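S.K.: Here's the letter readout for the chains.
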Amino acid sequence: MKVIYTDSLIIGGGLAGLRVAIAAKQRGYESIILSLIPAKRSHSAAAQGGMQASLGACVKGDGDDEDVHFGDTVKGSDWGCDQDVARMFVNTAPKAIRQFAAWGVPWSRVQGGDREVIINGQKVTITEKHEAQGLITARDFGGTKKWRTCFTSDGTGHTMLYAMDNKAIQMEIPVHERKEAIALIHEDGVCHGAVVRDLITGKLIAYVAKATTIATGGYGRLYAVSTNAVISEGIGTAIALETGIATLGNMEAVQFHPTAIVPVGILTTEGCRGDGGLLLDKDGYRFMPDYEPDKKELASRDVVSRRMTEHMRKGKGVSSRYGDHLWLDITLLGRKHIEKNLREVKEICEYFLGIDPVKEYIPVRPTQHYSMGGVRTKATGESPTLKGLFSAGEAACWDMHGFNRLGGNSVAETVVAGMIVGEYVADHCAANGLNVSTHTIQYFLKKEEKKITDLLVRDYGENPFELKAAMQKIMMDKVGIFRNGEDLAQAVEELKVLNQRARNIALRNRISSSNPELVEAIRVPKMIKLAQCVAYGAMLRTESRGAHAREDYPERNDRDWLKRTLTTWKDDAADLPEVSYENLDVMRMELAPGSRGYGVDNTVHHPDTEKREAQIDQIKKDNPGADRHEMQELLNPLTIPEKFKGKNERIGRGYK
Amino acid sequence: MSDQARILKFQIFRYNPLKQGDKPRMVTYEVTEAPGMTIFIALNDIRENQDPSLQFDFVCRAGICGSCGMVVNGRPDLACRTLTSKFPEGEIKLLPLPGFELIGDLSVNTGKFMRAMSERVESWIHDIKADEVNYDRLEERMDPEVADQIYELERCVECGCCISACATKRMRPDFLSAVGFMRLARYALDPRDKRTDEEFYEIMGDDDGVFGCMTLLGCEDYCPKDLPHQTQIAYLRRKMVQVR
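Going line by line, the protein sequences match chains P and A. Per the working numbering, the first sequence starts with residue 16, numbered consecutively. Per the working numbering, the second sequence starts with residue 66, numbered consecutively.
By construction, these hints were calculated from the structure, which means they are not laboratory data. You may find that some hints are simply not true.
[Stated by the list, open to error] Under the rule of at most 25 angstroms between Cα atoms (straight-line distance), these lysine-lysine pairs were calculated in the PhoX-like manner:
id, chain 1, residue 1, chain 2, residue 2
1, A, Lys84, P, Lys465
2, P, Lys671, P, Lys658
3, P, Lys17, A, Lys84
4, P, Lys626, P, Lys636
5, P, Lys40, A, Lys177
6, A, Lys88, P, Lys361
7, P, Lys361, A, Lys151
8, P, Lys511, P, Lys218
9, P, Lys465, P, Lys218
10, P, Lys374, A, Lys194
11, P, Lys40, A, Lys84
12, P, Lys351, P, Lys374
13, P, Lys660, A, Lys194
14, P, Lys40, A, Lys259
15, A, Lys177, P, Lys658
16, P, Lys466, A, Lys84
17, A, Lys194, P, Lys662
18, P, Lys374, A, Lys290
19, A, Lys151, P, Lys461
20, A, Lys290, P, Lys355
21, A, Lys177, P, Lys218
22, P, Lys393, P, Lys462
23, P, Lys465, P, Lys297
24, P, Lys75, P, Lys355
25, A, Lys194, P, Lys218
26, P, Lys355, P, Lys144
27, P, Lys138, P, Lys75
28, A, Lys290, P, Lys351
29, P, Lys17, A, Lys177
30, A, Lys88, P, Lys218
A quick note: this is a predicted structure, and the numbers were derived from the prediction, not measured.
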């Protein structure tokens, strides 16, 4: 029995995992990161467009602050988010980006003076302030009131991930590469680490830790076409589910990005539209202003994706052998801008489509992109039900995104959550010892060993690749952008059958060491369970909110559905998860539910909404002298680690 | 494009060092070409439908993560963004990248190599103040052009193609190589890194460093990100010559 002990075990070597490890190590706790791949190859690298932080240095960001960012994030979430967490996030994002600047990210900077930009299809000259020269600049993104998305060209995720991994290397944090956590070790409601398979030797190792953090990213690969990396299969989320104790939150909240290329689904950044790119139909007509007169191409992603789908359903899509698509036109931005600020997009167009986006339109259509759901955590990042289990980044339902994430808020979440959750992980390590019996460790190791042996000796059974393809097709066809009760019920039934079949997988390549088919056989049953959580949660949620759009229940129903879906899988023999709900308390919201300012407003209101609005007005009236920081404390008092409590400075404004 | 789909012939290097008695060999697989097919799509097709033991590495499949470097018809390149239509003969020979530890078939351990490289060149900002930065305050300003220039050198994805294309590396196993030089050039350019030229000299001022380069420039020829290796190696050399 091979056992490795550490204080803090982090599963996943992307931005969130690395940042948690750094925080724990800074506080003196040994951290080990497990990663399927070298950390610098994590999916975080694929975030092209940027990171939202309300620095307000560029002229179009003038007047921006935490409050504006907060409002955008809550509206973006369609009031589905946890407002305490959204608040922690917006207040800490400027600190995260500034720390990152010191750690080496070459953020694009403000150049004082005139420059030409494209706004609403027109060339416009804007004048950057000379006093802001050399501060971090920002670009426009969807669903935001200000230009707030900080960037390095369109390689933001890459530069962030490199700086973060380099920091971890400097701090001598070990990354155990090509290791896959396949089960959590837990006893009496406490998590003690994970059973880990070495993907080269096939050996099982127990990693035992005081705190275990899941930072394995999203579950986009439940869908046949996704912008996500091929490793974004949700396995970290699934092993939390398989404890039967940890809960998953809002698994049905799945985002579709408007502009992935057709057919392969590789992303072209929202920065294309943020920088002035347009969406055109088969007639070369710019249709978004007809649907969204205010935000046009830059409404939130859920809204733009739905409008595009609506427009294609009217017969306005461009037909191709891969089905209908629309055009993304960035030709109006000009060669110089594209080669400097959208060069990854240009490379992708050249290599995968054989076109030059400086001269030609890009074929795009909405494609699965982001998982708002994940391991449900408290604001501290810890599971409310399984002590010692933490989660951060896309893998978590920390819940700052609710039912729709804004562009630029995901890489921002990874580093901000990494900072905050990392502190709580360190607190946990300080307060707890390693109390786990070797019997428990052995029990979990043996259990996983037996599953693998069963796979290796079974002579006849199911092909894991076929099961996965069948699952991905169900999710594409029946749990997509627009959903309805009938399709969802069918998806739930069909996935149940796949779940049964997945208990009987047999291999053609029966060796225990490095074996891609065995990897698949271990993952596919877990992925099917996650798919069931998504489909079942979507079937039960009879309203439309953010990215969850029901054709048979088109209204956002605050009265009955202002709640978070919680999913558990208590009995491994069951063929469906158990679903329950937790209410979002309107009376504690800093921003009472209202209109997003884009999309269709057809809300069925919650009885508390008016009460809370009146209460907020009263608090404002009662405290006429309160500045915005004091007002926030009155409306939404925050618990946050002391080191993140400082006010953020802005150019021309100081700490106000 | 004709409607008749081509049959592609893949000749693939097969060897699993962990399987007792396994011998390195080339195996041929036939795949029906589909429109827009990349080597990523073709290899997955082979794994799913012909040989589930075939090992290879892909992560982003979009040409940005650097996982899938391999030798494609004699050239080190990123397999995920290589379209099969590029090869008029329809014959594609795939070998693992040389210069790295072989895991199996087309999979090599670039991660171990790159981590060691990062440790060797101390691939981070050297500034004791970086850890104590007051992040409530305005960030340090930076010349916008310098920021852009740093990004140009930071676009490396550590795919390892430069290592595989490097003749000096073949002769000197400890040669730092282009990926390491590019990283050093990136930090040497960065005003936030307080290292002196003398400190950089300690890292690269010998024959395993920048003076060992034979200037054959396979790195420049095969870099999938078109990084300016030639210019940067020349720049580092001039800089290092001036130190002593």
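S.K.: If a hint holds in the structure, say so; if it does not, say that too.
M.R.: Hint check:
Restraint check: the Cα-Cα separation between Lys84 (chain A) and Lys465 (chain P) comes to about 22 angstroms, which is no more than 25 angstroms; the hinted pair holds. Of the supplied pair hints, the one linking Lys671 (chain P) and Lys658 (chain P) holds, its CA atoms being roughly 19 angstroms apart against a limit of 25 angstroms. Note on Lys17 (chain P) and Lys84 (chain A): the hinted pairing holds, with a Cα-Cα distance of about 22 angstroms set against a maximum of 25 angstroms. The hinted pair formed by Lys626 (chain P) and Lys636 (chain P) meets the criterion: a straight-line CA distance of about 15 angstroms does not exceed 25 angstroms.
Annotation: proposed proximity of Lys40 (chain P) to Lys177 (chain A) holds, straight-line Cα distance about 22 angstroms (limit 25 angstroms). About 42 angstroms separates the Cα atoms of Lys88 (chain A) and Lys361 (chain P), which puts this hinted pair outside 25 angstroms; it is violated. About 19 angstroms separates the Cα atoms of Lys361 (chain P) and Lys151 (chain A), which keeps this hinted pair within 25 angstroms; it holds. As the CA atoms of Lys511 (chain P) and Lys218 (chain P) are separated by approximately 31 angstroms, the hinted pair breaks the 25 angstroms bound.
With a CA separation close to 13 angstroms, the supplied pair Lys465 (chain P) and Lys218 (chain P) stays within the 25 angstroms bound. Using a Cα cut-off of 25 angstroms, the hinted pair Lys374 (chain P) and Lys194 (chain A) is violated, with the two alpha carbons roughly 46 angstroms apart. Simply put, Lys40 (chain P) and Lys84 (chain A) have alpha-carbon atoms about 38 angstroms apart, too far for the 25 angstroms limit, and the pair is violated. This hinted pair checks out: Lys351 (chain P) and Lys374 (chain P) have alpha carbons roughly 12 angstroms apart, not beyond 25 angstroms.
For the given pair, Lys660 (chain P) sits about 21 angstroms from Lys194 (chain A) by alpha-carbon distance, which is consistent with the 25 angstroms threshold. Using a Cα cut-off of 25 angstroms, the hinted pair Lys40 (chain P) and Lys259 (chain A) holds, with the two alpha carbons roughly 24 angstroms apart. At most 25 angstroms may separate the alpha-carbon atoms for a hinted pair to count; Lys177 (chain A) and Lys658 (chain P) exceed this at roughly 35 angstroms. Of the pairs offered as hints, the one joining Lys466 (chain P) and Lys84 (chain A) holds, with about 22 angstroms between alpha carbons and a cut-off of 25 angstroms not exceeded.
Between the alpha carbons of Lys194 (chain A) and Lys662 (chain P) the distance comes to roughly 21 angstroms, so the proposed pair stays at or under 25 angstroms and holds. Only pairs whose Cα atoms come within 25 angstroms are accepted, and Lys374 (chain P) paired with Lys290 (chain A) is accepted, the gap being roughly 22 angstroms. Between Lys151 (chain A) and Lys461 (chain P) the alpha-carbon distance is near 49 angstroms, which puts this suggested pair outside the 25 angstroms criterion. Straight-line distance between C-alpha atoms of Lys290 (chain A) and Lys355 (chain P) comes to about 14 angstroms, which keeps the hinted pair within the 25 angstroms bound.
A hinted pair counts as satisfied when its Cα atoms are at most 25 angstroms apart, and Lys177 (chain A) with Lys218 (chain P) qualifies at roughly 19 angstroms. With a C-alpha separation of about 30 angstroms, the suggested pair Lys393 (chain P) and Lys462 (chain P) falls outside the 25 angstroms cut-off, and the hint is violated. Only pairs whose Cα atoms come within 25 angstroms are accepted, and Lys465 (chain P) paired with Lys297 (chain P) is rejected, the gap being roughly 56 angstroms. A C-alpha spacing of about 20 angstroms is found between Lys75 (chain P) and Lys355 (chain P), which places the hinted pair at or below 25 angstroms, so the restraint holds.
Taken as a hint, the Lys194 (chain A) and Lys218 (chain P) pair is broken in the structure, with Cα atoms around 43 angstroms apart against an allowance of 25 angstroms. Proximity of Lys355 (chain P) to Lys144 (chain P) is assessed by CA-CA distance (about 22 angstroms); at most 25 angstroms being required, the pair is judged to hold. The suggested pairing of Lys138 (chain P) with Lys75 (chain P) holds, with an alpha-carbon distance near 15 angstroms, which does not exceed 25 angstroms. For the proposed pair Lys290 (chain A) and Lys351 (chain P), the alpha carbon gap of about 18 angstroms is at most 25 angstroms, so the pair holds.
At roughly 22 angstroms between alpha-carbon atoms, Lys17 (chain P) and Lys177 (chain A) fall within 25 angstroms of each other, so this suggested pair holds. Distance check on the hinted pair: Lys88 (chain A) and Lys218 (chain P) sit about 23 angstroms apart at the alpha-carbon level, within 25 angstroms; holds.
When each numbered hint is compared with the structure, violations occur for hints 6, 8, 10, 11, 15, 19, 22, 23 and 25.
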